[in-house]
Structure formats: C-alpha cells, structure tokens
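Full structure from sequences and hints, please.
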Amino acid sequence: MCKMFLHDFLLHQTSVHLSLNSKNRIMDTSNFTSKIDRLELIVQELANKQDAFIKKALMKLSLNSKDVYSSEEAAEFLSIEVKYIYQLTHQRKIRYSKKKGQKKIYFRKEDLLDYLNGEIINTTEDLENKNAAFWKK
1 MCKMFLHDFL LHQTSVHLSL NSKNRIMDTS NFTSKIDRLE LIVQELANKQ
51 DAFIKKALMK LSLNSKDVYS SEEAAEFLSI EVKYIYQLTH QRKIRYSKKK
101 GQKKIYFRKE DLLDYLNGEI INTTEDLENK NAAFWKK
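Position 19 of the sequence shown, counted from 1, bears residue number 19 in full-length UniProt numbering, the numbering being contiguous throughout.
You may find that some hints are simply not true.
List time: in silico SDA-like cross-link candidates among lysine to any residue, alpha-carbon distance up to 25 angstroms [to be verified]:
#1 83 / 62
#2 60 / 124
#3 66 / 132
Taking CB as the label site, the calculated pair distances span [what the hints assert, rightly or not]:
#4 133 / 60: 37 to 45 angstroms
#5 58 / 82: 12 to 20 angstroms
#6 102 / 80: 16 to 24 angstroms
#7 90 / 33: 25 to 33 angstroms
#8 35 / 99: 40 to 48 angstroms
#9 82 / 53: 16 to 24 angstroms
#10 50 / 82: 21 to 29 angstroms
#11 59 / 110: 14 to 22 angstroms
#12 106 / 31: 54 to 62 angstroms
#13 113 / 33: 52 to 60 angstroms
Hint data in this document are derived by calculation from the structure and do not stem from the laboratory.
We put the CB at the ideal spot given by N, CA and C, even for glycine.
Right, here's the structure in full:
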C-alpha cells in the first residue's frame, strides 16, 4: 500500500513538474521509473530493518520475565552466538536440560547467571584479607 502511494505520488509530482517545464526539460521516463524502483527498494529495506529491530527489542524485554530459555534466548541473554551455546553444552561448561527423546535444549535463568558469574578473580585486597584471616587462626 505504501509502495503504491509513493509510486502514484511521485508520478503525479512529475507530471505537474513536466507540464510546467515542458518547454525547457524533457524527462526520460525509463530513468524516472528506475529511480522510483530504487526508492521502493530502499523503503522496503528500511521496513524490514525496522521489523527486525522491533522483534529483537521485544525478545530482550521478554527475557527478563522468563525462567527457562531456549538456545536462541540463552544466547541473546549471554550476548553470545547460538553455536557457542552448543559448544558450552558439549564441553559441559553450562547446565541445560532436555526432554527425553527430543533434541531441543533449555536453560534455566539461574544456570545462565551462574555461568556468567563464573570463576571470580580475587583482588590484592581479597588475597591480603584471606592471608590475614588464615594467620589469625
């Protein structure tokens, strides 16, 4: 619908422009048509990008309210690629569950947070406090 409106509008504007300037300029119709086609492609591409952006934004909003995630959602939650999620499960570095006889795997939010927290690197102050506590015994 938007495509047709844009096309009709541009044709109307061109005919008005051509009738006013018919003595000075003659516009090549095929050139004009190709420009309209390019504009239509650009508009369609922008609409597709907008749809993808909205879908991704809605997915991010829904992640906060869920307790169980699919592989795609878990990857989005961790900000990693889906194939890396599968590597982590294969290496048994992240917990997952799946129903008997099914291939699809699921992740609990708390397991994803445990993976994110990972191994904590102690600061110098932490090590000094640990040593002081050890020698006080």
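Taking the hints in turn, this is what the structure says about them:
1. Taking the CA atoms of residue 83 and residue 62, the gap is near 22 angstroms; set against the 25 angstroms cutoff, the hint holds.
2. For the proposed pair residue 60 and residue 124, the alpha carbon gap of about 37 angstroms is over 25 angstroms, so the pair is violated.
3. Proposed proximity of residue 66 and residue 132 is contradicted: the alpha carbons are some 43 angstroms apart, above 25 angstroms.
4. Distance hint check: the CB atoms of residue 133 and residue 60 are about 42 angstroms apart, consistent with the given range 37 to 45 angstroms.
5. Checked against the given bound of 12 to 20 angstroms, the beta carbons of residue 58 and residue 82, roughly 18 angstroms apart, stay inside it.
6. The beta-carbon spacing between residue 102 and residue 80, approximately 23 angstroms, falls within the hinted interval of 16 to 24 angstroms.
7. Residue 90 and residue 33 have their C-beta atoms about 54 angstroms apart, which leaves the hinted 25 to 33 angstroms range violated.
8. Remark: the range hint 40 to 48 angstroms for residue 35 to residue 99 is contradicted by a beta-carbon distance near 55 angstroms.
9. Checked against the hint of 16 to 24 angstroms, the pair residue 82 and residue 53 passes, with Cβ atoms roughly 19 angstroms apart.
10. As the Cβ distance of residue 50 to residue 82 is approximately 23 angstroms, the hint placing it in 21 to 29 angstroms holds.
11. The supplied range of 14 to 22 angstroms is met by residue 59 and residue 110, whose beta-carbon atoms lie about 20 angstroms from each other.
12. Taking the beta carbon of each, residue 106 and residue 31 are about 56 angstroms apart, inside 54 to 62 angstroms as hinted.
13. At roughly 56 angstroms, the beta-carbon separation of residue 113 and residue 33 lies within the given 52 to 60 angstroms, and the hint holds.
Comparing the model with each earlier hint shows violations of hints 2, 3, 7, 8; every other hint is respected.
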